[in-house]
Amino acid sequence: MIRLYHWNLDPAGRLVRLCLAEKGLGFETVESAPWSPHPDLKLLGPGAVAPALLQDGTGGRIVAVGTRAICEFLEESVEGQHLLPLHLGQRAEARRLWAWVEEGFEEVTDKLLTERVMQWVRRDRQPDSEKLRRGAHTLRGRLTFLNALVETHGFIAGRDLTLADLAAAAHLSACDYFGDVEWAAVPDLRTWYARLKSRPSFRPLLADRLAAVRPSPHYADLDF
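When we follow the working numbering, the leftmost residue of the sequence shown carries the number 1, and every step to the right adds one.
Because the hints were derived from the structure by calculation, they are not lab data.
From a predicted model like this one, the values you see are computed outputs, not experimental measurements.
A few of these clues could be false.
What the hints assert, rightly or not - Distance condition first, Cα-Cα at most 30 Å in a straight line; then the derived DSS-like pairs of lysine-lysine:
| hint | residue 1 | residue 2 |
| --- | --- | --- |
| 1 | 42 | 111 |
| 2 | 23 | 42 |
| 3 | 131 | 111 |
Unchecked claim - Here are the computed distance ranges between Cβ atoms for each label pair:
| hint | residue 1 | residue 2 | range |
| --- | --- | --- | --- |
| 4 | 191 | 57 | 19 to 29 Å |
| 5 | 26 | 130 | 36 to 46 Å |
| 6 | 130 | 1 | 41 to 51 Å |
Virtual Cβ for every residue (Gly too), placed ideally from N, Cα, C.
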(Lines of atoms letter the chains of each structure in order from A and count residues from 1; the text may use other names and numbers.)
(Lines give C-alpha, C1' and ligand atoms only; values in the text may rest on other atoms or scores of the structure.)
Protein backbone atom coordinates (compact mmCIF):
# COMPACT_ATOMS: atom_id res chain seq x y z
CA MET A 1 0.00 0.00 0.00
CA ILE A 2 1.30 3.44 -0.96
CA ARG A 3 0.00 6.60 0.66
CA LEU A 4 0.94 10.05 -0.61
CA TYR A 5 0.56 13.18 1.49
CA HIS A 6 0.24 16.12 -0.89
CA TRP A 7 -1.78 19.15 -1.94
CA ASN A 8 -3.23 18.98 -5.45
CA LEU A 9 -1.84 22.26 -6.81
CA ASP A 10 1.61 21.97 -5.24
CA PRO A 11 4.15 21.39 -8.07
CA ALA A 12 6.22 19.06 -5.88
CA GLY A 13 3.23 16.86 -5.14
CA ARG A 14 2.26 16.94 -8.80
CA LEU A 15 5.70 15.66 -9.81
CA VAL A 16 5.37 12.72 -7.42
CA ARG A 17 1.87 11.91 -8.69
CA LEU A 18 3.16 11.91 -12.28
CA CYS A 19 6.07 9.69 -11.31
CA LEU A 20 3.82 7.19 -9.53
CA ALA A 21 1.41 7.09 -12.47
CA GLU A 22 4.20 6.66 -15.04
CA LYS A 23 5.47 3.75 -12.95
CA GLY A 24 1.98 2.22 -13.04
CA LEU A 25 1.60 2.27 -9.26
CA GLY A 26 -1.70 2.61 -7.46
CA PHE A 27 -1.74 4.88 -4.44
CA GLU A 28 -4.08 6.66 -2.08
CA THR A 29 -3.78 10.36 -1.38
CA VAL A 30 -4.08 12.34 1.81
CA GLU A 31 -4.55 16.10 1.51
CA SER A 32 -1.92 18.15 3.29
CA ALA A 33 -2.08 21.83 2.38
CA PRO A 34 1.04 23.99 2.93
CA TRP A 35 -0.86 26.26 5.33
CA SER A 36 -2.52 23.34 7.18
CA PRO A 37 -0.24 20.25 7.23
CA HIS A 38 -1.86 16.90 7.94
CA PRO A 39 -1.21 15.89 11.58
CA ASP A 40 0.11 12.46 10.54
CA LEU A 41 3.13 14.08 8.85
CA LYS A 42 4.89 14.62 12.17
CA LEU A 43 4.71 10.86 12.76
CA LEU A 44 6.72 10.15 9.60
CA GLY A 45 9.87 11.82 10.87
CA PRO A 46 11.29 15.07 12.25
CA GLY A 47 10.46 18.00 9.99
CA ALA A 48 8.51 15.89 7.49
CA VAL A 49 6.49 17.97 5.03
CA ALA A 50 4.42 17.18 1.94
CA PRO A 51 4.99 15.61 -0.45
CA ALA A 52 5.68 12.56 1.66
CA LEU A 53 5.28 8.93 0.67
CA LEU A 54 4.55 6.05 3.01
CA GLN A 55 4.79 2.47 1.76
CA ASP A 56 3.82 -0.53 3.84
CA GLY A 57 4.49 -3.96 2.41
CA THR A 58 6.31 -7.25 2.76
CA GLY A 59 9.61 -5.38 2.78
CA GLY A 60 8.58 -3.30 5.77
CA ARG A 61 7.69 0.34 6.20
CA ILE A 62 9.39 2.89 3.98
CA VAL A 63 9.07 6.65 4.32
CA ALA A 64 10.37 9.07 1.69
CA VAL A 65 9.98 12.84 2.01
CA GLY A 66 10.48 15.38 -0.75
CA THR A 67 10.62 14.98 -4.52
CA ARG A 68 14.25 13.81 -4.70
CA ALA A 69 13.90 11.09 -2.09
CA ILE A 70 10.54 9.88 -3.42
CA CYS A 71 11.32 9.88 -7.14
CA GLU A 72 14.77 8.32 -6.69
CA PHE A 73 13.25 5.63 -4.45
CA LEU A 74 10.62 4.83 -7.08
CA GLU A 75 13.22 4.80 -9.86
CA GLU A 76 15.39 2.35 -7.93
CA SER A 77 12.65 0.07 -6.59
CA VAL A 78 10.16 -0.23 -9.46
CA GLU A 79 10.96 -2.24 -12.56
CA GLY A 80 9.70 -1.27 -15.99
CA GLN A 81 9.38 2.33 -17.09
CA HIS A 82 12.65 4.19 -16.49
CA LEU A 83 12.44 7.92 -15.81
CA LEU A 84 16.21 8.38 -15.71
CA PRO A 85 18.32 7.18 -18.66
CA LEU A 86 20.35 3.99 -18.31
CA HIS A 87 23.47 5.61 -19.83
CA LEU A 88 25.41 7.20 -16.97
CA GLY A 89 26.23 10.43 -18.80
CA GLN A 90 22.65 10.94 -19.92
CA ARG A 91 21.47 10.05 -16.43
CA ALA A 92 23.68 12.75 -14.94
CA GLU A 93 22.36 15.30 -17.43
CA ALA A 94 18.75 14.39 -16.66
CA ARG A 95 19.47 14.84 -12.96
CA ARG A 96 21.15 18.19 -13.61
CA LEU A 97 18.18 19.54 -15.53
CA TRP A 98 15.71 18.06 -13.05
CA ALA A 99 17.53 19.99 -10.31
CA TRP A 100 17.61 23.12 -12.49
CA VAL A 101 13.85 22.97 -12.97
CA GLU A 102 13.08 22.58 -9.28
CA GLU A 103 15.57 25.24 -8.18
CA GLY A 104 14.78 27.57 -11.10
CA PHE A 105 11.07 27.54 -10.37
CA GLU A 106 11.43 28.27 -6.64
CA GLU A 107 11.06 32.01 -7.23
CA VAL A 108 8.14 31.48 -9.59
CA THR A 109 6.37 29.42 -6.95
CA ASP A 110 7.28 31.84 -4.15
CA LYS A 111 6.27 35.02 -5.96
CA LEU A 112 3.61 34.04 -8.49
CA LEU A 113 1.95 30.75 -7.60
CA THR A 114 1.92 31.31 -3.83
CA GLU A 115 0.37 34.74 -4.31
CA ARG A 116 -2.36 33.27 -6.51
CA VAL A 117 -3.06 30.51 -4.00
CA MET A 118 -3.05 32.78 -0.96
CA GLN A 119 -5.48 35.10 -2.69
CA TRP A 120 -7.77 32.07 -2.96
CA VAL A 121 -7.15 30.95 0.64
CA ARG A 122 -7.82 34.42 2.05
CA ARG A 123 -10.70 35.61 -0.08
CA ASP A 124 -10.71 39.05 1.50
CA ARG A 125 -7.21 40.09 0.45
CA GLN A 126 -5.98 41.73 -2.73
CA PRO A 127 -3.02 40.23 -4.60
CA ASP A 128 0.39 41.81 -4.22
CA SER A 129 0.90 43.23 -7.72
CA GLU A 130 4.66 43.61 -7.24
CA LYS A 131 5.06 39.93 -6.35
CA LEU A 132 2.94 38.93 -9.32
CA ARG A 133 5.02 41.13 -11.63
CA ARG A 134 8.33 39.71 -10.42
CA GLY A 135 7.04 36.16 -10.53
CA ALA A 136 5.74 36.59 -14.09
CA HIS A 137 9.09 38.06 -15.18
CA THR A 138 10.98 35.09 -13.71
CA LEU A 139 8.56 32.64 -15.33
CA ARG A 140 9.16 34.17 -18.78
CA GLY A 141 12.89 33.57 -18.41
CA ARG A 142 12.37 29.95 -17.39
CA LEU A 143 10.02 29.40 -20.33
CA THR A 144 12.59 30.72 -22.80
CA PHE A 145 15.25 28.34 -21.51
CA LEU A 146 12.94 25.31 -21.53
CA ASN A 147 11.75 26.19 -25.03
CA ALA A 148 15.35 26.12 -26.27
CA LEU A 149 15.90 22.70 -24.70
CA VAL A 150 12.85 21.02 -26.24
CA GLU A 151 13.50 22.74 -29.59
CA THR A 152 16.94 21.08 -29.63
CA HIS A 153 16.20 17.68 -28.08
CA GLY A 154 12.47 17.02 -28.22
CA PHE A 155 12.39 16.56 -24.45
CA ILE A 156 14.07 18.50 -21.66
CA ALA A 157 17.13 16.30 -21.21
CA GLY A 158 17.33 14.45 -24.51
CA ARG A 159 15.19 12.37 -26.83
CA ASP A 160 13.28 10.51 -24.11
CA LEU A 161 10.95 11.41 -21.28
CA THR A 162 12.72 11.83 -17.92
CA LEU A 163 12.07 13.19 -14.46
CA ALA A 164 13.25 16.57 -15.78
CA ASP A 165 10.21 16.64 -18.07
CA LEU A 166 7.83 15.58 -15.32
CA ALA A 167 9.22 18.24 -12.99
CA ALA A 168 8.85 20.97 -15.62
CA ALA A 169 5.33 19.83 -16.52
CA ALA A 170 4.33 19.74 -12.85
CA HIS A 171 5.43 23.34 -12.30
CA LEU A 172 3.98 24.64 -15.56
CA SER A 173 0.65 22.89 -15.01
CA ALA A 174 0.22 24.60 -11.64
CA CYS A 175 0.93 28.02 -13.17
CA ASP A 176 -1.29 27.21 -16.14
CA TYR A 177 -4.24 26.62 -13.80
CA PHE A 178 -4.31 30.40 -13.32
CA GLY A 179 -3.48 31.17 -16.96
CA ASP A 180 -0.02 32.58 -16.17
CA VAL A 181 1.91 30.72 -18.90
CA GLU A 182 2.33 32.72 -22.13
CA TRP A 183 2.31 29.72 -24.47
CA ALA A 184 2.25 31.81 -27.64
CA ALA A 185 5.76 33.04 -26.88
CA VAL A 186 7.22 29.50 -26.64
CA PRO A 187 5.76 27.39 -29.49
CA ASP A 188 8.13 24.43 -29.12
CA LEU A 189 7.46 24.22 -25.41
CA ARG A 190 3.75 24.42 -26.10
CA THR A 191 4.01 21.41 -28.46
CA TRP A 192 6.02 19.52 -25.82
CA TYR A 193 3.46 20.35 -23.13
CA ALA A 194 0.58 19.19 -25.33
CA ARG A 195 2.32 15.81 -25.63
CA LEU A 196 2.77 15.63 -21.86
CA LYS A 197 -0.87 16.57 -21.25
CA SER A 198 -1.98 13.73 -23.51
CA ARG A 199 -0.28 11.07 -21.38
CA PRO A 200 -2.61 9.01 -19.14
CA SER A 201 -0.52 10.00 -16.10
CA PHE A 202 -1.60 13.62 -16.60
CA ARG A 203 -5.36 13.08 -16.51
CA PRO A 204 -5.76 13.30 -12.70
CA LEU A 205 -3.89 16.63 -12.68
CA LEU A 206 -6.16 18.07 -15.34
CA ALA A 207 -9.17 17.07 -13.24
CA ASP A 208 -7.95 19.01 -10.18
CA ARG A 209 -10.08 21.98 -9.18
CA LEU A 210 -9.94 24.63 -6.47
CA ALA A 211 -13.24 25.52 -4.87
CA ALA A 212 -14.64 28.76 -6.32
CA VAL A 213 -11.65 29.21 -8.66
CA ARG A 214 -12.08 27.93 -12.19
CA PRO A 215 -8.94 27.00 -14.12
CA SER A 216 -7.94 28.88 -17.26
CA PRO A 217 -10.18 27.94 -20.23
CA HIS A 218 -7.46 25.85 -21.89
CA TYR A 219 -6.19 24.17 -18.70
CA ALA A 220 -7.63 20.71 -19.46
CA ASP A 221 -7.76 21.16 -23.24
CA LEU A 222 -5.40 18.78 -25.01
CA ASP A 223 -5.59 20.89 -28.17
CA PHE A 224 -4.96 24.24 -26.57
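Has the given pair, residue 23 with residue 42, been kept, meaning a C-alpha gap of at most 30 Å?
27 Å, holds
Should the hint that residue 130 and residue 1 are 41 to 51 Å apart at their CB atoms be regarded as holding?
45 Å, holds
Looking only at beta-carbon atoms, does the pair residue 26, residue 130 fall within the given range of 36 to 46 Å?
For residue 130 against residue 26, whose Cβ atoms are near 44 Å apart, the range 36 to 46 Å holds.
Within 19 to 29 Å or not, the Cβ separation of residue 191 and residue 57?
Violated, since residue 191 and residue 57 (Cβ atoms, about 40 Å apart) do not stay within the stated range.
Please verify whether residue 42 and residue 111 have alpha carbons no more than 30 Å apart.
27 Å, holds
Hey, residue 131 versus residue 111, does the alpha-carbon distance stay inside 30 Å?
5 Å, holds
In the structure shown, a violation is registered for the earlier hint numbered 4 alone.
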